[in-house]
Amino acid sequence: MADWLTRSPEEHILYDVDVLFGPWPSHPTDSDLATVKSHLARSHIQNALILSTQGALFSDQAGNTETLTALANTSSSAPPTSRSDQERGPDAAGGGSGGVPGSSASPTSRAGQVHGAVGAGGGRVAPEQQGGQPAVGLVPVGTVDLRDAVGAAEQLDWLVGNGVRCLRLFTGVQGVLGETPAYKYVVGEAVRRGMVLLQDGDPRRFGEVLAGRGAEVIFLDLHVYLLGDFLLMAKSEPGFRATTRMLSSPDGIERVVETVGARQLVFGSRTPFMDISPQTLRLRYARISPEDRALIAGGNMKALLEKAV
Amino acid sequence: MRIIDVHAHWGPWPFHMEVGDVALNLELMDRYGIELQIVSAAEAVVYDAVAGNAKLAEVLQEQPRLHGYAVVNANRLERSAQDLRDCLSTGRFVGAKIHTTYPGVPIGSPLMADTFDMLDEVGVPLLLHTWGTDVSLLPEMLENRPNLKVIAGHAGGDAWREAARAAVECDRIYLEHCRTVTDAGRITFARSVGVPMEQFLFGTDSTLIDPCISLGVIRDAGFTPEELEQVLATNASRLFGL
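Quick note, the sequences are listed as chains F and S, same order.
The first sequence: position 198 = 198 (the working numbering), numbered continuously.
The second sequence: position 28 = 28 (the working numbering), numbered continuously.
If you are wondering where the hints come from, they were derived from the structure by calculation, not from laboratory data.
In this text, all values refer to a predicted model and were calculated from it rather than measured experimentally.
Beta carbons are placed, not taken as given, at the ideal position from N, Cα and C, and that holds for glycine.
Be aware that one or more of the hints could be misleading.
[Stated by the list, open to error] So the derived label-pair ranges between C-beta atoms look like this:
(1) F:Lys235 with S:Arg65: 56 to 62 angstroms
(2) F:Arg213 with S:Arg79: 53 to 59 angstroms
(3) F:Arg205 with S:Arg79: 35 to 41 angstroms
(4) S:Glu229 with F:Ser26: 31 to 37 angstroms
(5) F:Tyr185 with S:Arg238: 56 to 62 angstroms
Can you make the complete structure from the sequences, with help from the hints?
Here you go:
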């Protein structure tokens, strides 16, 4: 009767939008990129939108450079997103707190080196084999520190120039409690560049700033207690999406699918800070169609990345 | 594999969800192979303890796979103590439940100390909502209350490291890890600091939370088959006599 003990194909994930690597001082252990990739592979997560924790906590420029450098060093090739996913067979179609965890380097010569390794592939690093484990493709995510956003436009230009399509904001750990001038500025500049925003924190706090811009937003910290508010916003904002991570009630995912459709949900595990199985099991047992499950497990993110290229 | 869920609920919650029908408790139990569930009434937790307990008592008469916690409100101790005894006398309730947030009574409150005195006298297990570093106060609070056994519901929430250390200090503190935010490594950490296997229990917060969330935590914890049996059923069976 213990079916849940064994991972099933309905738990396989095409895109995980919420993954980090690097030190996190308040966490008992740190996870380097290799450890994170191995964990993702064991959990049958095929692609991850990922960035260094350094950009959230210490230096956005150094963190962005670290992300691109680390990802470039994991593979020597960088095929276009759509092609690489098509090559990966049926699963590629989706077959199957107050801040993290809870929930360019400026255009210098070093940046130029990074650009050469990663940029041509639309920011996508090819999956690779890992000692018998399934391959994991990595998609670099950039960030801008909202505590010092004066030079954000230049930073965003550098990220876009390096093929980075997604910008993650860390309002929780950076103490941004509402719509500050820096927050509004960065959001405006990112949306103007067509970047997908990965937004932490309470969606009620940031939804109004993000609305009415045609923004593509993924809320990373939607708690099931706030689902009613999210749905009220999402009905009029087709670009608003949320991860299923904290939609833990027996009908949370189902209610989003019934109300606004599966296209406004994506999978984001917050690896390495959260257990993955609770989230994949909830998706597996959700009373939704296989097609909707495939969209949530990666189809939506795949389409969004292709659109952003 | 036998599974006993020591932290569950019956009834509706004031959030955007429809989870109040007892049929859903049973549907989810069947789906995941949960044999028995110990539930408290959501209404008793967030609103009126006595009224909620009374409604749960009626439900329990028809549901042999469910057992009850009587919710105790420390702000109304005399009334709640009598209500607890009345509930236990039905034979369908097996413990007490205290939430700290809704009644606004933290673990270190004098009201909680008085309530612990009462529970020590009654002698049934207590499921205590723990969420924060005040879980560290529990070992000292249990020192002179030898009959009281406390399940640290949510294992301290954000303060899961403090909860683990509390369980090391006192063998009458049990860890139960249900929570929407499934911080990685909580069980591994608890084991690493020396929490004995006998002090882990399985709870879900169902039907507020789908049981698969806690089952996923268990799956990721990497227990051996023998340990799984202990955590999922044997420890609870021994604690509650089920």
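Checklist entry - So which hints don't hold here, by number, going up? => result 1
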